[in-house]
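The lines below spell out each chain.
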Amino acid sequence: MNNEIVLLLESLIIGYEKGGHNIPVYLPVNASGRKGELIAVIGRNGIGKSTLLRSIAGLQKPLGGTVCINGKESREYSKTELAQNLGYVSTEVVKVNNMRVYDLVSLGRFPHTNWYGRMKQSDHDIVLNCLEMTGMTALADMLITEISDGERQKAMIARVLAQDAAVMVMDEPTAFLDITSRYEIVHLMHQLAVEKAGTIVFSTHDLNIALNQADKIWLMLDDDLKEGSPEDLMLEGSFDKLFSSPEVRFNTDDGSLTIKKEERGRLYVEGTGRLRHWTEKALSRAGFSITVEKTPRYIKTPPGKNGTWVLANGNSSREYNTIYDLLRELTA
Amino acid sequence: MDNTGKNIIIFTVLLVITSLLFLLDIFMGSVSLKITDVLKALFTTSEPEIEMIVLRFRLPKAITATVVGIALSISGLQMQTLFRNPMAGPYVLGISSGASLGVAFIILGFSADLSPENLRGMGNWSVIAAAWAGAAAVMVLMLWLSSKLKDILTVLVIGIMLAGGISAIVTIMQYFSHETMLKAYIVWTMGSLGNLTASQLNVMLLSVSAGIVISLLSVKSLNALLLGENYAATIGLNVGLSRLLILTGTSILAGSITAFCGPIGFIGIAVPHVTRLIFRSADHRILLPGIFLTGSSIMLLSDIVSQLPGSDNVLPVNSVTAMIGIPVVIWVVLRNRKYQGVL
Chain B
1 MNNEIVLLLE SLIIGYEKGG HNIPVYLPVN ASGRKGELIA VIGRNGIGKS TLLRSIAGLQ
61 KPLGGTVCIN GKESREYSKT ELAQNLGYVS TEVVKVNNMR VYDLVSLGRF PHTNWYGRMK
121 QSDHDIVLNC LEMTGMTALA DMLITEISDG ERQKAMIARV LAQDAAVMVM DEPTAFLDIT
181 SRYEIVHLMH QLAVEKAGTI VFSTHDLNIA LNQADKIWLM LDDDLKEGSP EDLMLEGSFD
241 KLFSSPEVRF NTDDGSLTIK KEERGRLYVE GTGRLRHWTE KALSRAGFSI TVEKTPRYIK
301 TPPGKNGTWV LANGNSSREY NTIYDLLREL TA
Chain P
1 MDNTGKNIII FTVLLVITSL LFLLDIFMGS VSLKITDVLK ALFTTSEPEI EMIVLRFRLP
61 KAITATVVGI ALSISGLQMQ TLFRNPMAGP YVLGISSGAS LGVAFIILGF SADLSPENLR
121 GMGNWSVIAA AWAGAAAVMV LMLWLSSKLK DILTVLVIGI MLAGGISAIV TIMQYFSHET
181 MLKAYIVWTM GSLGNLTASQ LNVMLLSVSA GIVISLLSVK SLNALLLGEN YAATIGLNVG
241 LSRLLILTGT SILAGSITAF CGPIGFIGIA VPHVTRLIFR SADHRILLPG IFLTGSSIML
301 LSDIVSQLPG SDNVLPVNSV TAMIGIPVVI WVVLRNRKYQ GVL
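Order-wise, the sequence lines are chains B and P.
Everything in the first sequence is counted per this note's numbering, starting at 1 for the first residue and increasing by one.
Everything in the second sequence is counted per this note's numbering, starting at 1 for the first residue and increasing by one.
Calculated directly from the structure, the hints in this document are not laboratory data.
A few of these clues could be false.
What the hints assert, rightly or not - Selected chain B positions facing chain P (in silico; Cβ < 10 angstroms):
#1 L82
#2 N97
#3 L143
#4 V169
#5 I290
Idealized CB from N, CA, C, for every residue including glycine.
Given the sequences, and given the hints that come with them, work out the whole structure.
This is the structure we're talking about:
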């Protein structure tokens, strides 16, 4: 893999202008992206993720600092040159009647065609290739009003691919999609970053996806932008700062999120395997902490598929057919 | 994947229909002529009387109808794409209101100096000049505003508000004007295709050609603008410049037609939709050439209907275009509710 830095942000001040005054929305940003990297931008609502991405894409003038793409400041590019080096996809939905998926993807060739937008054979080949890579070949002749939201988002990604730019900026490309499509699209983006040796920067609220798929994370905290691999950020405890709310607890062991509940006491679970795992999970969801040593009151998981859960307390014990029934009793 | 073959067939069929309608438009009129006489007058020589009717009156009128159809439809297409609004048309910028204000000043404002006979119909340079001046004033104002405003929808709102304001002024002028002058003005607002002299037709052809050239230069930008201005900018479109170019082209097209033929309604809104339906495409590289044929066909058809075949009476062309255009507009509204897509 090439280690060249493709995207470099130096003291980039993002924000807007109002009544002659510059109003920054975030601290000056220093960050970078290399060839073949998938970068996730994470931060709370309103911290400026979209503004940052729009500023990189040139849709919003930075108040200061620089965006460098392939070693050249982005404002030194002409509009066409910039589009050849940088593509952008957002949550904005394009719904135009009578437009085929193929036509939509063809618009990605815009910065490469002549004044009339004439498509050469090579342009058509690139469009077909991008449809292929995104798995949209079969839908090429469908109208974009006839396909699903996930498919339309894939079509938008195929379009930005056809633009053939080294940097692709995607503002919440997976918002409004179901879990399967989300994973599909982020997986696709990861593949594309590697195959096309491009840099993809995307914002998301889905921490799980970011932790599992991104090569690098730009973590936008209130006092700093942390940059690094998900694991590095995890180990240095940066994610904890993301959740200022005392209600939400970030588990640095497996990257999962839990909501703090009122403490209901300690419980021991006796059993093995999947049954034990899910029983413990259910109990901690209900606010119990699971212990390793036996407690006076404890739970025995069923021995086999058709057994029952036993809640033992000293000499007495009661049986339950499902975890649901068990929890109802425990939390009553 | 490629629709070229299908499109060639559609173009051929449309070309035949347009040609037939063109001939039919020349053939129809208050004096009934034989088809052979019409063809003879057009292509060889014929009796002087027939030649005069055909070459001096009916041919210019058919040419005017063709040009009006093309110009208004192209402006409508451009406005619908630029504003991403299926209800936009050539007059959303307030151009026809500007023209009507100019005409109102001439007809209603100076009623003491001009006799109604001088102003009969549209074949009067002073009326044309006034309409042009009014349209141009609004056009310059809107272009200036659009270069200042970031959001294109604001331009649309201001255009509509401006049109409303100007109409109010014209209404006040109408209220205080003399009856005969009022009628002359009302007749102007009904639109007419048949009152242009040869030199006026030439001027109109020239300015419409300029507008068409600008539209052709905008084809690529229009396709990008289908994605909305944000995406258009990120694929390398100079949004401000192309917006200005498109508005200029539309203003020239709609402004010249209104100056020479009056404010002809509904063609500009309806024809782009018919064209998209026929070609099943949103690509302006196909729609723009296509609209030459659909626009002229529908305008020629309106003109034929307005002559009430078999009768001496002529209907105001604006009523006919409305009767043809309104069902199309209603159909678009109903259809959009189902698909929820723009355009």
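Going through the hints against the structure:
1. L82: holds (7 angstroms)
2. N97: Check passed: Cβ of B/N97 comes within 4 angstroms of chain P, closer than 10 angstroms.
3. L143: holds (8 angstroms)
4. V169: At about 8 angstroms, which falls below the 10 angstroms cut-off, the nearest Cβ of chain P leaves the hint on B/V169 intact, so it holds.
5. I290: This interface hint is violated because 50 angstroms lies over the 10 angstroms limit.
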